[in-house]
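Fit chains X, H and F to the known structure of chain U by using the hints.
These protein sequence lines map, in sequence, to chains U, X, H and F. In terms of the numbering used here, the first sequence opens at residue 1 and continues consecutively. In terms of the numbering used here, the second sequence opens at residue 1 and continues consecutively. In terms of the numbering used here, the third sequence opens at residue 1 and continues consecutively. In terms of the numbering used here, the fourth sequence opens at residue 1 and continues consecutively.
Treat the hints as calculated values from the structure; they're not laboratory data. Just to be clear, a hint being listed does not mean it is correct.
What the hints assert, rightly or not - Per label pair, the in silico range of CB-to-CB distance:
{"id": "1", "chain 1": "F", "residue 1": "23", "chain 2": "U", "residue 2": "9", "range": "23 to 29 Å"}
{"id": "2", "chain 1": "U", "residue 1": "3", "chain 2": "F", "residue 2": "23", "range": "15 to 21 Å"}
{"id": "3", "chain 1": "U", "residue 1": "8", "chain 2": "X", "residue 2": "61", "range": "48 to 54 Å"}
{"id": "4", "chain 1": "F", "residue 1": "3", "chain 2": "U", "residue 2": "14", "range": "26 to 32 Å"}
{"id": "5", "chain 1": "F", "residue 1": "45", "chain 2": "H", "residue 2": "379", "range": "38 to 44 Å"}
{"id": "6", "chain 1": "X", "residue 1": "126", "chain 2": "H", "residue 2": "452", "range": "45 to 51 Å"}
{"id": "7", "chain 1": "U", "residue 1": "187", "chain 2": "X", "residue 2": "62", "range": "17 to 23 Å"}
{"id": "8", "chain 1": "F", "residue 1": "3", "chain 2": "H", "residue 2": "195", "range": "32 to 38 Å"}
{"id": "9", "chain 1": "U", "residue 1": "22", "chain 2": "H", "residue 2": "453", "range": "47 to 53 Å"}
{"id": "10", "chain 1": "H", "residue 1": "462", "chain 2": "U", "residue 2": "172", "range": "34 to 40 Å"}
Stated by the list, open to error - In silico SDA-like links for lysine to any residue, alpha-carbon gap of 25 Å or less:
{"id": "11", "chain 1": "U", "residue 1": "178", "chain 2": "H", "residue 2": "2"}
{"id": "12", "chain 1": "H", "residue 1": "3", "chain 2": "U", "residue 2": "198"}
{"id": "13", "chain 1": "F", "residue 1": "23", "chain 2": "X", "residue 2": "110"}
{"id": "14", "chain 1": "F", "residue 1": "23", "chain 2": "X", "residue 2": "52"}
Unchecked claim - From the structure, some residues in chain U lie toward chain X, with a derived Cβ separation under 10 Å:
{"id": "15", "residue": "10"}
{"id": "16", "residue": "17"}
{"id": "17", "residue": "21"}
{"id": "18", "residue": "34"}
{"id": "19", "residue": "44"}
{"id": "20", "residue": "47"}
{"id": "21", "residue": "52"}
{"id": "22", "residue": "82"}
{"id": "23", "residue": "107"}
{"id": "24", "residue": "176"}
{"id": "25", "residue": "201"}
{"id": "26", "residue": "221"}
Here the structure is a predicted model, which is why all the values come from computation and not from measurement. Quick reminder that beta carbons are idealized off the backbone N, C-alpha and C, glycines included.
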Amino acid sequence: MRRLSSALFLLGLGLLIAAIFQTMEFASVAPIAGQAINAVAAEQVGAANFVTSVVLAYRGFDTLLELTILFTAATAGGLVLGKPRAGASHDPDSGFILRAGADLFFPLLLVVGLYIILHGHLTPGGGFQGGVILASAFFIPILARPSTTMDHRRISMIEGFAGASFILIGLLAMLGGKEFLTPLLARGELGALLSAGSLPLLYIAVGLKVGSELAGLLAQLSETEASD
Amino acid sequence: MDTGLIIYTAAFGLILIGSTGIVLSTHLLRIIFGIALLEAGANLLLLLATFREGSSAPIIVDGRIPAAMADPVPQALVLTAIVIGVGILALALSLALRVQRAYGTLDIREVRQRLEQDIADEAGIELSSSSDAPHAVVSRQDGPA
Amino acid sequence: MNKLVLLVALPLITAFLLPVINRVSEFAGRWTGPLILLITSALGISLWSQLGNNAVAIELGGFRPPLGIALYADQMAILFAVGTSLGTLLLWPNVGEDRVRQSTLALILAASGSGLALSGDLFNIYVFYELVAVVSYGLIATQASSGSYAATLRYLVVSSFGAAMALIGIALVYQATGTLNLAQLAQLAPTRLNNTQGLAAFVLMLIGFGVKAELFPVNTWVPEVYATAPTRISGLLAGVVSKLALLIIVRLLVLVFHQPEALTVMLVLGIMGVITGELAAWRARDFKRMIAFSSIGQLGIMFIAFSIPGKAGIFAGLAVALHHLVVKPALFLLAERWSGSLSKLAGAAKASPLAAALFILLALSLIGVPPLPGFWAKLLVLVELSEQAQPLYYLGAFVILAGAALEANYLFRVASRFYHTEEGQTAPAAHRMPELATASLLGAALVASVFVLTPLSAQIEGIATQAADAAQYIQTVNPEALP
Amino acid sequence: MQSLVLFIVVVMLCNAVAVLLLKDFLAALAAFSVVSLGLSVLFVILRAPDVAMTEAAIGAGLSSLLFALSLRRLGLWRMKG
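This is chain U alone, in the form it adopts within the complex (with noise of 0.2 Å):
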């Protein structure tokens, strides 16, 4: 009974996708919100990777809101796995050579990942790309040595006061007399590292937010017990 409405589901599902892809006119239509940002970014913004005027200026608030669900996924995991038992058996640490390579990854991977952040705004990559590479930074000596644990207690404080900047640079702005979220400071000159405003600054907070927010859940996930 179950696989028959599934079944009766999926094709139904098949039918629909089938008659959008019969009706529709493909690129037909002009991008009138792209059209529009893209010939006034360069003078409203001041970043030279529009898609970063979109992600921190035009739709800030719907990167606010993805940090938002980053931070509620890692503090639903955290309800959901709960904390390790003391004394709970561990994967044993692995060989010389790859806690020597873990070590020596890690100041790499951490310069890396700052600068695909500080960059954000004139290259592609940003505070999400860098975050990742971050979280991977802290995760890989865990992944080398699992019997160390990571400070669960510091990486809250970091995400608490990153989205927490992310959203005070937006009520400064309203303090201003602007609307929340308006980009702040001087635009300066296009392509240089010291440009677009307060975009950076938002990049920084998005990327230990990011960072932060990732290693826990790597780390939540890798210090629960093996189920068997």
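Here is chains X, H and F on its own, set in the frame of chain U:
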């Protein structure tokens, strides 16, 4: 048959394969794989929405603004959607670990039966179809489904 | 008026900082959350009183739509935003061990619910919707039983599937119009979305947003989740969150999707919802799942009501929705001590007479016995349905009436148990004070509304008129002229 | 260009089917990573370098890591000869 159409096929293909995985799979981990595939297809479709061939990436290099730049809005949207997806994926996997620890299985039918049993036990009523109550049998999943 | 954004930003920043605050002072950690919600509720109410019959739009980041994201606040939006804040405050989670994490999640729920009601951008709505979804998973899992984990995971699967469908719908809309701002979509819809692709996009979004609104084919999670989640969370999900999802669908119908087929799809799914929900509730043998299934039925009635075209449908649907918003959380609060088999409820009236009386009051209103507000809401829906003079709408009216008969049957079956003591059976324990007080408050609000029925219905009619006014929406948001 | 796209799409779809059909979860995870990588190449072709980077870091990297960690905790981490 142009490039755009081929990629559209990929998007709809991923959507259909992902949906099939969600609806027809019996193992919860496989269903989570299906969700990830479905999301990938949806993201691709979103990015394709206003794609035109011959446009360039929406980034200014050396101060020159290219003539035809790609629409940056869907790119930002997909960026958001990918990050949302990984957050939910992590939560789903954490839940799957707990379910496995509690029920000893991730087979969707067994999980559902155990869930019904749990609810019925807590309410203090008989399960209506208690013919094969898996209550006493702690079935352990030893291999992948 | 740009303080409106504080309804979202204040709870969010508090949620981020709550672990830190709690480390500094446990006392502050305990009371900051409710205090912030009190502040946002008061702020929302003051904004409501300033608003009158006007509406305001906020251009976030100072970018005029369609460049940036716009928030739109009319009476309906602020009503539901305040409803979310107040609802979360009244149903503040207080079970389980991890208090800080729970408070954090509750604050985020309040913020995201308010944002969902206010948002005027299609993708922003999707992000808020996902946020509400993730928060709900966390809150359900606070029960920390194996059942709640399994139910949450199954809910997550259905909900993620729905969210992906909604995202596909958004992609189709963006593909056809090139914008995400609802006001601009309203301008473009008659020419660009009045076709098969538009209808497909609507159906996909209906499936997606319908998951939280307990729409017929995607509501399999409802009984499992409501039976295993903490009762306060069930009350929040059934009472508040489902209405927010419904609100989005109504906004989309008013502004973007004008096809008659769209209404027909909603009507049919609503009818199916009433039939399956009420029948399942009638068959249910434990209290929690009975009211869970009954909420599917009630939301089916709302879908039927909102499928009536024009202002009349919104008026009727809004009346039912507000009534359910008050009644269902109260019922779930009563379920706190009455969870479990219906047969165990014998003699409950003796142990807690106030709770039993409250239940009967709520049940009467839910069934629709005059002069309680539930009667007037249902009457309104039936009158509007019969005025449509079409077979499918008559069927809807008939199904609602039949559903009411079933409701009367199973709710009175429960009520009669209360006063019927059997030998050798222990009555269920008396309710705890917080639950009983909150439920009494909601019950008192229900009774009070009987005495102000005329101004109240005029007020709701005003809200509905404004919500149905697409021209005002476009004018208020005032997006840049089309090229 | 067109044949390259066609090749990537075919590989991606085959691997997507393989994710659902392969009995061994580790193999399914490998197939899933291939889908993600193919997707990020498509994103580059669609002139979205930012999204491609994100997909490569998050879709192919982090998601696979999450899956791998949970496979290990679930006891499904084993190769079949």
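Each hint, compared with the structure:
Checking the proposed 23 to 29 Å range against residue 23 of chain F and residue 9 of chain U shows it holds: the Cβ atoms sit about 25 Å from each other. Checked against the hint of 15 to 21 Å, the pair residue 3 of chain U and residue 23 of chain F passes, with Cβ atoms roughly 20 Å apart. Checked against the hint of 48 to 54 Å, the C-beta distance between residue 8 of chain U and residue 61 of chain X comes to roughly 52 Å, which is consistent with it. Take residue 3 of chain F and residue 14 of chain U: their Cβ atoms lie about 28 Å apart, and the range 26 to 32 Å holds.
A beta carbon spacing of about 60 Å between residue 45 of chain F and residue 379 of chain H contradicts the range 38 to 44 Å that was offered as a hint. The beta-carbon spacing between residue 126 of chain X and residue 452 of chain H, approximately 47 Å, falls within the hinted interval of 45 to 51 Å. At roughly 18 Å, the beta-carbon separation of residue 187 of chain U and residue 62 of chain X lies within the given 17 to 23 Å, and the hint holds. Between residue 3 of chain F and residue 195 of chain H, the C-beta spacing of about 34 Å keeps the proposed range 32 to 38 Å intact.
The supplied range of 47 to 53 Å is met by residue 22 of chain U and residue 453 of chain H, whose beta-carbon atoms lie about 52 Å from each other. Take residue 462 of chain H and residue 172 of chain U: their Cβ atoms lie about 37 Å apart, and the range 34 to 40 Å holds. The straight-line distance between the Cα atoms of residue 178 of chain U and residue 2 of chain H is roughly 9 Å, inside the 25 Å bound, and the hint therefore holds. Taken as a hint, the residue 3 of chain H and residue 198 of chain U pair is honoured in the structure, with Cα atoms around 22 Å apart against an allowance of 25 Å.
Restraint check for residue 23 of chain F and residue 110 of chain X: the C-alpha separation of about 19 Å stays at or below 25 Å, so the hint holds. A hinted pair counts as satisfied when its Cα atoms are at most 25 Å apart, and residue 23 of chain F with residue 52 of chain X does not qualify at roughly 40 Å. The closest approach between the C-beta of residue 10 of chain U and any C-beta of chain X is roughly 6 Å, which is under the 10 Å cut-off, so the hint is satisfied. Below 10 Å, beta-carbon pairs count as interface contacts, and residue 17 of chain U has one with chain X at about 5 Å; its hint therefore holds.
Annotation: residue 21 of chain U was flagged as interfacial toward chain X, and the flag holds, the nearest CB pair being 6 Å apart, inside 10 Å. Among the interface hints, the one on residue 34 of chain U holds; its C-beta lies about 3 Å from the nearest C-beta in chain X, closer than the 10 Å criterion. Checking residue 44 of chain U against chain X by beta carbon gives a least distance of about 13 Å; that is not within 10 Å, so the hint is violated. Checking residue 47 of chain U against chain X by beta carbon gives a least distance of about 9 Å; that is within 10 Å, so the hint holds.
Because the smallest distance between the Cβ of residue 52 of chain U and any Cβ of chain X comes to about 9 Å, under 10 Å, the interface hint for this residue holds. With its C-beta approaching chain X no nearer than about 9 Å, residue 82 of chain U sits inside the 10 Å limit, and its interface hint holds. Taking 10 Å as the C-beta contact cut-off toward chain X, the hint placing residue 107 of chain U at the interface is violated, the least distance being around 25 Å. Because the closest C-beta pair between residue 176 of chain U and chain X is about 25 Å apart, greater than 10 Å, the hint is violated.
The beta carbon of residue 201 of chain U comes no nearer than 19 Å to any beta carbon in chain X, farther than 10 Å, and the hint placing it at the interface is violated. For residue 221 of chain U, the suggested interface contact is upheld, since its CB lies about 7 Å from the closest CB of chain X, less than 10 Å.
In terms of the numbered hints stated before, the structure departs from hints 5, 14, 19, 23, 24, 25, listed from lowest to highest.
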